[in-house]
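First to last, the sequence lines map onto chains G and Y.
So the first sequence is numbered by my numbering: it starts at 1 and just counts up by one.
So the second sequence is numbered by my numbering: it starts at 1 and just counts up by one.
Derived by calculation from the structure, the hints in this document are not laboratory data.
No experiment lies behind these values; they were computed from the predicted model shown.
Where hints are given, some of them may not hold.
Note that the list lumps identical chains together, so a pair holds whenever it fits in one copy or between two copies.
Claimed, not checked - Here are the computed lysine-lysine pairs in the BS3-like style, where the Cα-Cα straight-line distance is at most 27 Å:
hint	residue 1	residue 2
1	17	150
2	63	150
3	150	72
2 protein chains.
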Amino acid sequence: MLKRKPSLTEQAKTYIKQRIQNDEYDGARIPSETELAFQLGVSRTTIRDALSRLQIEGVIYRKQGAGTFVNKATLQIKSRLEEIWCYENVLEDHGYVPSTRILGMRRERPDLEQSITLGMEESEELLIVEKLFLANDRPVILTVNQIPVKIFERPFVVEDLHAPVFQFLQDFSRRRLSYYVSEIVPSTVSGALSEALGLEAQTPLISFEETGYDEEHEPILLARSYFRDDLLRFRLIRREVV
Amino acid sequence: MLKRKPSLTEQAKTYIKQRIQNDEYDGARIPSETELAFQLGVSRTTIRDALSRLQIEGVIYRKQGAGTFVNKATLQIKSRLEEIWCYENVLEDHGYVPSTRILGMRRERPDLEQSITLGMEESEELLIVEKLFLANDRPVILTVNQIPVKIFERPFVVEDLHAPVFQFLQDFSRRRLSYYVSEIVPSTVSGALSEALGLEAQTPLISFEETGYDEEHEPILLARSYFRDDLLRFRLIRREVV
DNA sequence: TAGTGGTCTAGACCACAAA
DNA sequence: TTGTGGTCTAGACCACTAG
């Protein structure tokens, strides 16, 4: 019934997820693992693997002895904090048309903290990019990215910076962005920031202080992002342990 | 080598995690799955299951063809936002001695929004609890919990409110808190809040607006929490999809 | 090429929930 | 009691990495 490549598990996951999104399992109950295995002609282990991944995503939950169910509560959650990867998608999920504007690009020597965090020599330079994200042409997110110049292996122009950071790094450097460790910091807008985001001074807002790592778990970028929370809300699900 | 109950997977996970924390796998490389299976006298599937859970927790990462490695970058992260379950533990993780003070407890009629979110009748009442968390006797977190009175099945006194909410609900109601959906909201302190947390007015801070659900995915509590971010920082790991 | 993690199978038994 | 998900086994082959 299914073919190899992508993996059977991946295909099974997609199959089930689509049926959930099409509301084909009305009443929230999903067929049993044995039944699904028979339907797709794969082993129960493969189905269990697919369901486990959907469970991690929060799409379904299981009750021993009872069955597997669609998680209606979390189905509507748009931007789950842990899953935010590129802001364009977040804005789309909120129903906005995203666009970007490059406010500034320059090279600078890192300060002590930056050079330590990023493992740079003093003589190296940082590329600093200030980028504004707009939702339906209204400013919502301002990001400042700081990337060691030495990781680039191809030249680029300002227009290339409109692409999502991970895309930009993939295209012009030899390192790939794998994950961020983000710290949530409260602040208030002031000066240039209030102008860029179109907010009155002293408005409270949320910012992320982030370090981006590559697949080798080496830090490759520092970022600071500021959000207009009246246009954008972040949600997350908090559970007991794991 | 291992006995049943708790599950072999759970025991294997604990075994590996402890060895990681004791730094017994210096150089970051963990024995191969086959090797671990042999050492513990279980099947490779069991080991893989244990490792998968550790991977989800961010403790290890795997590279096909190369091996399994300790994730040094995330090992130091204290309060991962997704895993926050009770604030006492968060404070302990930060190295503080936690304590609590009940600032207020009263019953009120819910407003329209509250009654809709919690599925209450207009005639029902809400229990409202204001609780202050202290770290080494300094105020750090203020929470306001709102719980429908009808879910309680045993009487309680003010002292019982010092227990973590999930514990309190478990002991005195017939519903169990299963997870929160939290929204992150920026705000500034004012009035009673600034007094309780010992902050100057207008200091920016982070708050959570939360809805707590039971195991049946029915909402059972509303909460609002405010944090002093100079004493407490929240971190999270953001990855691509899942 | 050898060894690692990734995928997959077929089958077994257990724990739990609902009828 | 029946059927569900939870755990576990033994073994197979594939995809990838490193020496």
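Open item on the list: I'd like to know which numbered hints this structure contradicts. Please list them from smallest to largest.
Closed with: Of the numbered hints given earlier, the structure breaks just one, which is hint 1.
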